[in-house]
Amino acid sequence: MSYRVDSFGDVTSFDDGVSLLMSGTSTETNQRLLDAVTPKADERSVVITTNTGAATVLKELERRGADREQIGIIDCTNADSEIEDVPVRTLSSPGDLTGISLEFAKLFDRDMDDESVRARVGFASVSTALMYTELRTMFRFLHVFTARIRSGGMFGTFALDPTMHEEKAHNTIRAVFDCEADVDEDGISVSGTGFE
Amino acid sequence: MADGDDQPTVLVVEDERALIELYVRWLEDDYRVLTADGGEEALEQLDEGIDVVLLDRLMPGMSGDEVLEEIRRRIPDCKVAMVTAVEPDFDVITMGFDDYLTKPVEREELLETIQRLLSRSQFDDIEQELYALSSKQAALRSSKPKEELEENEEFRELQHRIDELRGELDTTLPGMDDDDFVAMVRDIEGGEDSDDLPGDFE
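Chains as they are written, first to last, in full-length UniProt numbering: chain A, 1 to 196; chain B, 1 to 202.
Please keep in mind that the hints were generated in silico from the structure rather than gathered at the bench.
Glycine included, C-beta positions come from ideal geometry on N, C-alpha and C.
Be aware that one or more of the hints could be misleading.
[Unchecked claim] Some chain A residues near chain B, calculated using beta-carbon distances under 10 Å: (1) Ala105; (2) Leu135; (3) Thr137; (4) Ala147; (5) His170; (6) Asn171.
Based on the provided sequences and hints, a complete structural model is requested.
Listed below in structure tokens is the structure:
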């Protein structure tokens, strides 16, 4: 099994368990990340957002054809969100990594006992979270998170804006991921392993 | 893991003598087992060589929570599984424990839990090396042009070792679940929130 993607350069699908680093300015990656995490039939989608409110994320996913019951959102923007029919968990800071993991676990607790559940996970963005945590901490967190995505056979997409970090930080973060998508106004190019 | 000793060390802290004997019988083939029948004795036994502590939450004298705090302070790398009478939820993990077992504890469950905790420690060790190498590699990438790096022996060896470690990391916790995930992230944040342990959990 794999996760099918549309309008994603030459790539048509990502393998189960793969995590993708999506590099580009947030205007570009926000849209592309939502493309990547939009659930197909029988899939679920969890978006962890640090820079866009839950209402916008929901609207954008629905516009792309997702049903409400497929979606879970962890909103770290510290904004009130009153959305009905969609589990939205709110956290006061993108730096609350334990909170993120806990809410993630709770969102899946409802139906993840069923091992066949297929899920896409989006994290937008690593750059915002990095303003609240050390690089070392983020590196460890991403390793553990991508290991969870791997063991659960999910598909993860993590956005990062390289212009917000030193080159060394970007290069270090890269090492965590199976593959990387470079996104700019000209399009998207994917390198690494775990896709077709 | 303890240096110069193939078997990992488990400390069993339990006030019921019969349970200690039972756990020791289950564990002694695979592990070096230390025992303590109360919190004070557990702290006397604590040393760097201990990999996993099995800790009864409710004991006369010093409580499991107090013992946990002291373990965290003295051996930060040590994994601690709480043994409790009540089925807890994820909150137990934000309280500082790495895992929990509900009484009555069964043999398979106990062995599986200890194995999982040891795998987490192993994951931490590999991850630490991976970070060191990835930082080194990132520094090289930022300082030299790509063409030059491809010719560079040190860079190639580094890449090879990183690939190896990534493979090991992927196979260390194949059955990683949400409990592992939450506990490991909690560990990363380093027990900063140990002040707000709820006291009346049970």
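For each hint, the structure was consulted:
no., hint, verdict
1, Ala105, "4 Å, holds"
2, Leu135, "9 Å, holds"
3, Thr137, "6 Å, holds"
4, Ala147, "6 Å, holds"
5, His170, "8 Å, holds"
6, Asn171, "3 Å, holds"
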